[in-house]
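Work the whole structure out from these sequences, hints included.
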Amino acid sequence: MKFASAVLATAALTLTACSQPDSATSDTIQSEQRVVNVFSARHYRSDEHVYAAFTAATGIDVNLIGANGDQLIERVRADGERSPADVIITVDAARLHRAEEAGLFARTDFSQLAAGVSDHLIDPDGYWVGFTMRARVIAYSADRVAEGDITTYEQLADPRWAGRVCIRESGNAYNQSLMATMVAKSGEEAAEAWAAGIVANMARPPQGGDRDQLRGIAAGICDVAVVNHYYYAMLANSGQEADQDAAAASVLLFPNQDDSGAHVNISGVGIAANAPHSAEARELVAFLLSADAQRLFAEMTHEVPVIDGVEWDNAVLEAMLPFREDQRNVSELGDQNATAQRIFDRVGWQ
Amino acid sequence: MAVTGTAAPRAAQKGFNATSLAVVAALICAAPILAVAWIALTGDTGDYLAHLAQTRLPTYLTHSAYVAGVAALGTGLLGTSLGWLIARTQFPGREFLGWVLILPLAVPAYVAAYAWLDLSTAGGPLYTATNGLFPTIRGSWGAGLMFSFVLYPYVYLLARDAFASQSADAYDAARTLGSPPWHAFMHTALPMARPAIAAGLALVMMESLADYGTVSHLGAPTLSIGLVRAWSGAGSLVDAARLSLVLVVVALLIFGLERAQRRRARSVTASGKTRPAQRFVLRGWKGIAALSFCLLPLALGMFIPLGRLAYLALSEPSTTNLLDASLNSLTLAITAAIIAAALGLSTAYALRSKGIIATMSARAAGLGYAVPGAVAAVGVIAILSGTQQILDPIWRDLTGAVFPILLTGGAAALIFAYLSRFAAAAIGPAESALSRVTPALDGAARTLGATPLQTARRVHWPLIVGGLTSAGLLVFVEVLKELPATMILRPFNYDTLAVIAHSYAADERLGEAAMPSILITLVALLPMVFVARYLSSRSAGGQDR
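Chains as they are written, first to last, in my numbering: chain A, 1 to 350; chain B, 1001 to 1545.
Simulated from the structure, these hints should not be mistaken for laboratory data. Be careful, since some hints might not be right.
According to the in silico footprint, chain B covers these stretches of chain A (three or more CB under 8 Å from chain B) [claimed, not checked]:
#: 1; segment: 71-83
#: 2; segment: 332-342
Chain A stretches covered by chain B per the calculated footprint, using a threshold of three residues with CB under 8 Å from any CB of chain B [what the hints assert, rightly or not]:
#: 3; segment: 41-47
#: 4; segment: 62-68
#: 5; segment: 212-219
#: 6; segment: 233-246
These numbers come from a predicted model, not from an experiment. Note that beta-carbon positions come from the ideal geometry of N, C-alpha and C, so glycine has one too.
Given below as structure tokens:
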């Protein structure tokens, strides 16, 4: 009797867990409408405009799930052959690398699809491609730092900046990729010495987001900060007067212009290995690299287009360009990510 | 009046076959956490944990203790004093405040953290207005403070219910014997309410230990930070799962302490229902002081943070359509709350049987709360995809096609995840409510010829409905603001208010995060109005609540 009720209870709970129809499989029924299923780690609401433009241009509907990159990878991996994912988008090359290693991507011939994109933004193994660039740059106080006082990432570790550096916590993906670059560039030992130097130079324990680092300069807490370029642009374009003042208090510097170039990470996309709609997925990738989409990224999220010659209207971003970017292939960021993390732990970078 | 207790287990077992059912349900809730444990124990062994032990692990552990300690202290003081004021005194605005005081629970702690850091950071309005004297709300004490501001309703809700249901006899006896009111409170009312307060504190501590968003924004290096770094930085989900087992062990300890509290409290719990206590009427400045004291946590947890966001929102008008997201949030939260309350009640009954299996499965079901949502979601995905891999070939043999439903793709997967995460929020309060129904009451009812069902309906139900409603409310509000599991398990094109609020806040667009955050609290208001009305209509019959 007891056993029977236990079985019933299990059945009841399993049924509740299964009875919901799901949108991913129902599209097979209405096969006339073409769709593409997007798993994206980009949390920008403005991407809705990009997808709407894609649908208008191609007639393909976009189904979207947005979540953190690691979680997306885990869900696609667990669903295996059943995964409805057609394309996977992340905002960090290291995540793309991880998805590639988990076998989630189909190898794609990008030579036509990504024509015009520099080689260092395309996975050498052919699994993914970057469609926007975000530079991690140095901001310095317009009042307290003279032009030329700092020109490279390496100088951030110089004792001259003791107690003058604002930078966020090391769990942040962009700090990790910057550190990964330093490892790739000068080796683990030198990168660790550099990280220790920065920790010694910090004006305060890491806290807040990138904008808070810029506000730190404006408030006189620190004289230099490390931020992604588009946060500066967002602050400068903000409706808040206080934000505009904060942006005006600092000068943005693209580091290492005379040697390795500024560190860039990418928003990147790959076609899923088990994509149910791989033709539509290819069309979406092509659209993300089209002039229309590139213009939207430059204008709405202040990201740097990966295709030359695209027309767009964004005075703040325009003023930052052109700059020389690190030509090292972004796939190396993935190779060095774990090492970067351990360096942070060892030097006590919160 | 101590409880004899020998008749209880038998009565519960004979009366209800709910025990086995509850055990199965509890184990299903526990399955994702067990899956996480499986991942942790069977995964590859690397040297990452050794590296961590040499570097950051001690920091993670001490800061976890620090954050949970500050949160427990803050919520304990606030929740208990507010619960007492609302339940046992009368002052202007008391009835209204009774349920409004729950609302800060609807403000996600990370939203409060975004707003408070924005206010107090270098260059923020508080910083500027005080010439830098106002401390920046950050670090472990800052995170503990944030949890105190928004999580105190856990303690308040349970303590209030406990104070309201205490009989006047013990308290009056102490007063008659010459104890001053404060002394009488400390020695009679407080000890009697201790199980409820402990249940609330246990929830607070587990939630603050499992939190990621708040501690990461405020720079408090707790264990959940370490765990996410193991996953995101070092790429080792296995090591993240291992670190989450540490949190599970801590949760077990907290449960153990709570149990111990409950056992100690048993000896002083009055059985049955006697004369309800009179309220102390606070007049004049005392009434005003009580009112101001109750408004303080509302300001700290709700008005100030949401006000700051609303101010920012006015300068960046948002065009996002929030109607669908509101409906989604509401649907998910109501569904999960009702199922969780039923589950909490049946588990509480199962626990009454004192069977070892029932106890263990109930504890296991409560562990989901102790694990960061992102890791718990991995457990849910593992269970669902595992089930899928069993179903697909069977179905293919039967019909030639794969199983028609992708388990991870539906809203039911989300409900499953919520139940797994928040069962503890329902089981604790339900158990605390049911503890008021002493076995002696069952005995009396049965002696008078009542059937088990009649006993449950006419004796148990009136005593537990308040606590049970609290349990449902807690889960409702938790689901409204839940983020990591919702993000990864939601179906295509399915937004909730918390997801939208987060996607703006993560982009550092606080102004646009304001509207969805404010809506979360407004949506939370709806059931609270309903529940408050229901409870007060019940108490019109005589019981004072």
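To see whether the hints hold, each was checked on the structure:
1. 71-83: Coverage by chain B holds for the segment 71-83 of chain A (8 residues, Cβ < 8 Å).
2. 332-342: Result for this restraint: holds, n = 5.
3. 41-47: This one holds; 3 residues, not fewer than the three required, reach chain B with a Cβ under 8 Å.
4. 62-68: With 6 residues closer than 8 Å to chain B, the segment 62-68 of chain A meets the three-residue bar; holds.
5. 212-219: Contact hint for the segment 212-219 of chain A vs chain B: holds, 5 residues under 8 Å.
6. 233-246: Since three or more residues must qualify, the claim that chain B covers the segment 233-246 of chain A holds, with 6 doing so at under 8 Å.
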